[in-house]
Amino acid sequence: MTLPAAISKRLATRRGRVLRECAIEFMLFLAASLSVFTTLAIVYILVSESVAFFRHVPVIDFLTDTQWTPLFDDAHFGIMVLVSGTLVSSIVALALAVPMGTIIAIYLSEFSTPGIREFAKPLLELLAGIPTIVYGYFALLFVTPILQWLIPSLPGFNLLSAGLVMGIMIVPTVASLSEDAMRAVPAALREGSYAMGATRLQTALKVVTPAAFSGIAAAYILGISRAVGETMILAVAAGMQPNLTWNPMEPAATITSYIVQVALGDLPHGSIGYQTIFAAGLTLMLITLMFNILGHMLRRRYRESY
Amino acid sequence: MEIARPEVQRFTGSADGAIKAAAGGLSFYYGAVNALRNINVPIHEKRVTALIGPSGCGKSTFLRCFNRMHDLYPGNRYEGEIRLFPDNTNLLAPEVDPIEVRMRIGMVFQKPNPFPKTIYENVAYGLRVRGERARRVIDDKVEQALKSAALWDEVKDRLQSLAFNLSGGQQQRLCIARCLATDPELLLFDEPTSALDPIATGSIEELIHKLKDRVTILIVTHNMQQAARVSDYTAYMYLGELVEFGRTDDIFVKPRDRRTEDYITGRMG
Numbered sequence: 483m484t485l486p487a488a489i490s491k492r493l494a495t496r497r498g499r500v501l502r503e504c505a506i507e508f509m510l511f512l513a514a515s516l517s518v519f520t521t522l523a524i525v526y527i528l529v530s531e532s533v534a535f536f537r538h539v540p541v542i543d544f545l546t547d548t549q550w551t552p553l554f555d556d557a558h559f560g561i562m563v564l565v566s567g568t569l570v571s572s573i574v575a576l577a578l579a580v581p582m583g584t585i586i587a588i589y590l591s592e593f594s595t596p597g598i599r600e601f602a603k604p605l606l607e608l609l610a611g612i613p614t615i616v617y618g619y620f621a622l623l624f625v626t627p628i629l630q631w632l633i634p635s636l637p638g639f640n641l642l643s644a645g646l647v648m649g650i651m652i653v654p655t656v657a658s659l660s661e662d663a664m665r666a667v668p669a670a671l672r673e674g675s676y677a678m679g680a681t682r683l684q685t686a687l688k689v690v691t692p693a694a695f696s697g698i699a700a701a702y703i704l705g706i707s708r709a710v711g712e713t714m715i716l717a718v719a720a721g722m723q724p725n726l727t728w729n730p731m732e733p734a735a736t737i738t739s740y741i742v743q744v745a746l747g748d749l750p751h752g753s754i755g756y757q758t759i760f761a762a763g764l765t766l767m768l769i770t771l772m773f774n775i776l777g778h779m780l781r782r783r784y785r786e787s788y
Numbered sequence: 033m034e035i036a037r038p039e040v041q042r043f044t045g046s047a048d049g050a051i052k053a054a055a056g057g058l059s060f061y062y063g064a065v066n067a068l069r070n071i072n073v074p075i076h077e078k079r080v081t082a083l084i085g086p087s088g089c090g091k092s093t094f095l096r097c098f099n100r101m102h103d104l105y106p107g108n109r110y111e112g113e114i115r116l117f118p119d120n121t122n123l124l125a126p127e128v129d130p131i132e133v134r135m136r137i138g139m140v141f142q143k144p145n146p147f148p149k150t151i152y153e154n155v156a157y158g159l160r161v162r163g164e165r166a167r168r169v170i171d172d173k174v175e176q177a178l179k180s181a182a183l184w185d186e187v188k189d190r191l192q193s194l195a196f197n198l199s200g201g202q203q204q205r206l207c208i209a210r211c212l213a214t215d216p217e218l219l220l221f222d223e224p225t226s227a228l229d230p231i232a233t234g235s236i237e238e239l240i241h242k243l244k245d246r247v248t249i250l251i252v253t254h255n256m257q258q259a260a261r262v263s264d265y266t267a268y269m270y271l272g273e274l275v276e277f278g279r280t281d282d283i284f285v286k287p288r289d290r291r292t293e294d295y296i297t298g299r300m301g
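For the record, the sequence lines run as chains A and B. One gets the numbering used here by counting positions in the first sequence from 1 and adding 482 to each. One gets the numbering used here by counting positions in the second sequence from 1 and adding 32 to each.
Some clues are possibly wrong.
[Said to hold, decoys possible] Looking from chain A toward chain B, a few residues come up when the C-beta cut is under 10 Å (computed):
1. 671
2. 672
3. 679
4. 688
Read the hints as simulated data drawn from the structure, not as lab findings. Note that CB positions come from ideal geometry on N, CA and C, so glycine has one too.
One chain only, chain A, in its complex shape (with noise of 0.2 Å):
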């Protein structure tokens, strides 16, 4: 073999290898496009179909009318009736599930010993492994039954009952991530209060909570995001009239079981009542969306740097 033959096979490979490269490259980057397409498709479908609704419905209408009856002769189109029932029963399980989740978050990270947190964490998230079909059933069946004999005035189906078992869904999730963002906090930093004469509970409370802030808070938005998201627990519990109401003691409808309520219906495709459903849904996700703005703001602004 020549030495220029020899010089050209080499490059020769190296071509391949570039070659190679590129097309892997090009996987990954499609890989990587599908779930933005996916994002980017969701929004133009939601987007198109609420322009059509909104040519029936001056948008005025749709966020100052009381009432939400999209299927009736009369029909109005309120969503602040859905709007209600949705954040009602999200601060119901956001009341109960960040002040235990960050509780028990501190437990774990600061007090517990390493044998308790490797028994609990695992059992804590196999609670978010529960369908949430399950927790609607619990809700309706085990705990309306208990709150109606706390309050005999409690209706059978409401969104305390929905919202409460929506908070106790949404613990592991809070309590889980908080802990890891506590537990990241370096341990430096809390021999240093300890150093300073400080208790566990000092500790835990004034320096590793707000350390870890930035995490606790991306914890929290993720819990909100999941309350407001939440579609079976409500559909099943809180019962599905439309109801524009800020007592968690009523049943009513939120944007979520509204959608599935319709969407099993048969509505003819293209009419008004077929639109609502994307109407309700591009609201949903502008709240979910200015929850995880809201989420990531947050994070900027306490951002630590160790």
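Following the hints, complete the assembly by docking chain B onto the known chain A.
Quick look at chain B alone, frame taken from chain A:
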């Protein structure tokens, strides 16, 4: 006291100045690992005592016995005692609350570890932990502590900005101020300049020199020049044992033990 005093006599040859603390027959175990063996050493009041020795010799382990930091992790065990004077408390006694010990003894760490709080709140932390609420008292103590740590002029206009925005050297002085705010009787320094540049190191050393007028200082250092510059007494440790203790001038000029001499002349370590 019965254990500590004779050792003091033997080590120093004379009883010059008061003794703030003394380790007597101190051994320490990380689980089954025997990290310190029968350490006896006095800590002179309002003097700087340096702990030197090669990596892994147990000097940081020894330092962390003074404020019971080892209590934070399971499986650690002390034997012997560390007496704190004038009240003659055995810091290592099981019935002594480690939190009480840490209230009296401050510690500055290897890497500056300010809390994720404002400069003001960092210095106020110890006071708040002790339940101090009076705004005026805290303001006053914070200012005094920052002045003592030679940081006041640099931060007085931005007490409410985050401590992370300070430079490494400033952060370390902040950590010193944090300790000073609660008037510790003994201040422990665990290689306080190992993460700092030479200029910041110089300012910390200068600060240590000034502080010994008001507080007893125990400093672990890797840097023998630093030990020679800042300390009055030096203890040389090797493999968990205290090899030699004496006045810094004596240790560096005419060490009695061959191992000390090898280390400080750079033949070992």
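Hint check results:
no. : hint : verdict
1   : 671  : 5 Å, holds
2   : 672  : 8 Å, holds
3   : 679  : 4 Å, holds
4   : 688  : 7 Å, holds
In the structure shown, no violation is registered for any of the earlier numbered hints.
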